[in-house]
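Peer 1: These are the residues of each chain, in order.
Protein chains: 2
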Amino acid sequence: MTDIQRLSTLDADFQPRLAALLAWDSVSDDLVQQTVAEIIRAIRARGDAALLDYTARFDRWTPATATELELPRARLAQAWQTIPTDQREALELAVARIRAYAEHQKLESWSYREPDGTLLGQQVTPLDRAGLYVPGGKAAYPSSVLMNAIPAKVAGVGELIMVVPTPDGELNELVLAAAHIAGVDRAFAIGGAQAVAALAYGTETIPGVDKIVGPGNIYVATAKRAVYGQVGIDMIAGPSEILVVCDGATDPDWIAMDLFSQAEHDEDAQSILLSWDGGFLERVAASIERLLPTMERRTIIAAALGARGALIQVRDLDDAITVANVIAPEHLELSVADPEAIVGRIRHAGAIFMGRYTAEALGDYCAGPNHVLPTSRTARFSSPLGVYDFQKRSSLIMASRAGAAELSRTASVLARGEGLTAHARSADYRGEAS
Amino acid sequence: MTDIQRLSTLDADFQPRLAALLAWDSVSDDLVQQTVAEIIRAIRARGDAALLDYTARFDRWTPATATELELPRARLAQAWQTIPTDQREALELAVARIRAYAEHQKLESWSYREPDGTLLGQQVTPLDRAGLYVPGGKAAYPSSVLMNAIPAKVAGVGELIMVVPTPDGELNELVLAAAHIAGVDRAFAIGGAQAVAALAYGTETIPGVDKIVGPGNIYVATAKRAVYGQVGIDMIAGPSEILVVCDGATDPDWIAMDLFSQAEHDEDAQSILLSWDGGFLERVAASIERLLPTMERRTIIAAALGARGALIQVRDLDDAITVANVIAPEHLELSVADPEAIVGRIRHAGAIFMGRYTAEALGDYCAGPNHVLPTSRTARFSSPLGVYDFQKRSSLIMASRAGAAELSRTASVLARGEGLTAHARSADYRGEAS
Numbered sequence: 001m002t003d004i005q006r007l008s009t010l011d012a013d014f015q016p017r018l019a020a021l022l023a024w025d026s027v028s029d030d031l032v033q034q035t036v037a038e039i040i041r042a043i044r045a046r047g048d049a050a051l052l053d054y055t056a057r058f059d060r061w062t063p064a065t066a067t068e069l070e071l072p073r074a075r076l077a078q079a080w081q082t083i084p085t086d087q088r089e090a091l092e093l094a095v096a097r098i099r100a101y102a103e104h105q106k107l108e109s110w111s112y113r114e115p116d117g118t119l120l121g122q123q124v125t126p127l128d129r130a131g132l133y134v135p136g137g138k139a140a141y142p143s144s145v146l147m148n149a150i151p152a153k154v155a156g157v158g159e160l161i162m163v164v165p166t167p168d169g170e171l172n173e174l175v176l177a178a179a180h181i182a183g184v185d186r187a188f189a190i191g192g193a194q195a196v197a198a199l200a201y202g203t204e205t206i207p208g209v210d211k212i213v214g215p216g217n218i219y220v221a222t223a224k225r226a227v228y229g230q231v232g233i234d235m236i237a238g239p240s241e242i243l244v245v246c247d248g249a250t251d252p253d254w255i256a257m258d259l260f261s262q263a264e265h266d267e268d269a270q271s272i273l274l275s276w277d278g279g280f281l282e283r284v285a286a287s288i289e290r291l292l293p294t295m296e297r298r299t300i301i302a303a304a305l306g307a308r309g310a311l312i313q314v315r316d317l318d319d320a321i322t323v324a325n326v327i328a329p330e331h332l333e334l335s336v337a338d339p340e341a342i343v344g345r346i347r348h349a350g351a352i353f354m355g356r357y358t359a360e361a362l363g364d365y366c367a368g369p370n371h372v373l374p375t376s377r378t379a380r381f382s383s384p385l386g387v388y389d390f391q392k393r394s395s396l397i398m399a400s401r402a403g404a405a406e407l408s409r410t411a412s413v414l415a416r417g418e419g420l421t422a423h424a425r426s427a428d429y430r431g432e433a434s
Numbered sequence: 001m002t003d004i005q006r007l008s009t010l011d012a013d014f015q016p017r018l019a020a021l022l023a024w025d026s027v028s029d030d031l032v033q034q035t036v037a038e039i040i041r042a043i044r045a046r047g048d049a050a051l052l053d054y055t056a057r058f059d060r061w062t063p064a065t066a067t068e069l070e071l072p073r074a075r076l077a078q079a080w081q082t083i084p085t086d087q088r089e090a091l092e093l094a095v096a097r098i099r100a101y102a103e104h105q106k107l108e109s110w111s112y113r114e115p116d117g118t119l120l121g122q123q124v125t126p127l128d129r130a131g132l133y134v135p136g137g138k139a140a141y142p143s144s145v146l147m148n149a150i151p152a153k154v155a156g157v158g159e160l161i162m163v164v165p166t167p168d169g170e171l172n173e174l175v176l177a178a179a180h181i182a183g184v185d186r187a188f189a190i191g192g193a194q195a196v197a198a199l200a201y202g203t204e205t206i207p208g209v210d211k212i213v214g215p216g217n218i219y220v221a222t223a224k225r226a227v228y229g230q231v232g233i234d235m236i237a238g239p240s241e242i243l244v245v246c247d248g249a250t251d252p253d254w255i256a257m258d259l260f261s262q263a264e265h266d267e268d269a270q271s272i273l274l275s276w277d278g279g280f281l282e283r284v285a286a287s288i289e290r291l292l293p294t295m296e297r298r299t300i301i302a303a304a305l306g307a308r309g310a311l312i313q314v315r316d317l318d319d320a321i322t323v324a325n326v327i328a329p330e331h332l333e334l335s336v337a338d339p340e341a342i343v344g345r346i347r348h349a350g351a352i353f354m355g356r357y358t359a360e361a362l363g364d365y366c367a368g369p370n371h372v373l374p375t376s377r378t379a380r381f382s383s384p385l386g387v388y389d390f391q392k393r394s395s396l397i398m399a400s401r402a403g404a405a406e407l408s409r410t411a412s413v414l415a416r417g418e419g420l421t422a423h424a425r426s427a428d429y430r431g432e433a434s
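Chains C and X, in that order, are what the protein sequence lines are.
So that you can map any letter, position 306 of the first sequence is 306 in full-length UniProt numbering, and since no number is skipped, the others follow by simple counting.
So that you can map any letter, position 9 of the second sequence is 9 in full-length UniProt numbering, and since no number is skipped, the others follow by simple counting.
Ranges between beta-carbon positions, derived for each pair:
| id | chain 1 | residue 1 | chain 2 | residue 2 | range |
| --- | --- | --- | --- | --- | --- |
| 1 | C | Glu68 | X | Gln34 | 41 to 49 Å |
| 2 | X | Gln34 | C | Ile218 | 16 to 24 Å |
| 3 | C | Ala77 | X | Asp251 | 57 to 65 Å |
| 4 | C | Gln5 | X | Pro207 | 23 to 31 Å |
| 5 | X | Asp318 | C | Ala45 | 30 to 38 Å |
These are calculated hints, taken from the structure and not from any lab test.
Fair warning: this is a prediction, and the values are worked out from it, not measured in the lab.
Yeah, the Cβ is synthetic: ideal placement off N, Cα and C, and Gly gets one too.
Could you put the whole structure together from the sequences, leaning on the hints where they help?
Peer 2: Listed below in structure tokens is the structure:
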């Protein structure tokens, strides 16, 4: 029997119960913070030597020299050649679709001229160098390599550096194959906070980058937060979440499996179903009971559904949309007859899967959009990872002589109002000369 | 005699000297961190009561109730009516230009359909609510209100909440007037880490927001970093910087004043001049000597130029561009004959001021582009504040029946490769039904 919570928006205590369900505190404890701070200090002070020490200690692997930390491109190509054909074809199709979608996201420079000849605009440029963190061990996902690497390459990043730990020297062939096909330029067999620090500050062997992206454990996440400012980072991801809104006409087994697909990630993952059809909620609950014992990862699924899952009865469609906007989910499935009629009312969601045929799993792997998405209600203010995360803008201003005369008067008045007279005089010089 | 450093790219120790010049560590000390953490805890636990306590303690002002913390819209309108006419006209012109430029930045939703009917795209939405921090006291800049508020309003943010501390009850009329004309929806007379915490978590009186923008002192910056994740933040700004690249044909007094305009902000501000004309560097040095005694803020300017300023001799234009890209400055002036011929080679800069007539001060106030810019070499990976900072994207995926059949096969193979069989079965259901 799965103990999935039942809520109803009609309950008097619905708001606090929903808040409790969604609560997630991403703050690392002091011990993790201190460990990470020490690792970063060591990498900055001792470079490669510290990196080798930590690799021996945490990954139980002792390369003779730092150059052995690099995984040569030929090694990635070899992995690509040796994986099974069906996986190679699946990766190829995924790459093509992810790239085609990413091309639509590319920001372009723009500018305009005013009547007096003054030019204004923004120049868009790619990052020089980006770092991609890929977890080792059980959470090594080739799809994650594609989703992080392809937008960087489409943006035109000069050099893309992947790091992936090899605990006990173990390498994941699918991850290496994905790195090959996604266009990773260099790869290093390092991980943990030490890899993040090496990418942020550079060592004799590891090139320093401008931005670090990719998922990782609490040490990696804490290290990313700590080096933010020295380099850019993508986001600090919380546990994965799915919210399904269903009108009751989708096969309940499909919806149960969609909830499972999120819950199987880890025990903290969150799966929530909203429906105004109370009978449907019961049918999904029955499907959960029946299907759960057949799942390979049933222990994790049961733990996640029990701790953070919920079936929520809402009054009607409007009520469902209101609750969905409060939850601001990472993944939102609109499993309804006419999703296009309501998608415009969704104000906050990382990705919206529209219609009964659009399982989240399709988007996780190969539909095209990125699977790196804002979690823990951060869709209220942030976006999926995209090409735009590997580009940045520089404002362009070129005042004509006449434009400078006009602008200098206004700038001078405002600068004097703020007591900044060097600003005012700098503007005045241009006005007087015009 | 101003002790501004002289460097040359021909010097053997140029690289380490440049690195030392640019070094800036933004990390707050432990005492600041602890104080801020305590303030955030108190605001979360006690809401308005804690906010009133801190306001009494730090701003030496004791409102009878929390509702008195609000500055009514009529109070902002009154400020607008009572400021001098020339300032009102200057603010009006600045608002019109900043808004016109911002309109060019607005992101639009997009989507496309594939031959089998599958729809892919991104839906762009504004933030529901944004918070704008405005410093009190000497650093209260009306221009900063305009630069932060206008992009939010152009983005369509539902409600824009401004906070501004009133130390000893003192209000800056220009700041209130700027808030009025920029369209601030509600304003509260609170500041410091307590205001940031109130905006991030909400209190009985202060509405919780989705993102906090705007400059502040070390307590405000530390609080913003601490609440990042609960809400979005703009950036953690370091000291302001200018890099001028000059071919030697601009009036040296103009360039000296441009360097002053940055240095007058505070003692940590950075002003650097690059030229391949050694005689010109001497002429600018002479202008600095002659003009400095005439400046109202000469003490601050002298301190900043002495501590972090530099005149750098480079070999030629190419060398100047290389060094500029290493510095990745917040503000870059290309004071040369043909800036359009070289601007495409600038890879990293917050804003680029092109030509002899485009003093940075014009851009600081009214040219149109935002003056909130990435500092401390973060232009390598980040962008000026813009409308896009108040919008976010949701991915859209709607698989047709045929599309689901195609995608489900690929998703299933990749999911099984990652050992995620619930993902695979969720995809399989859609494939089987198609």
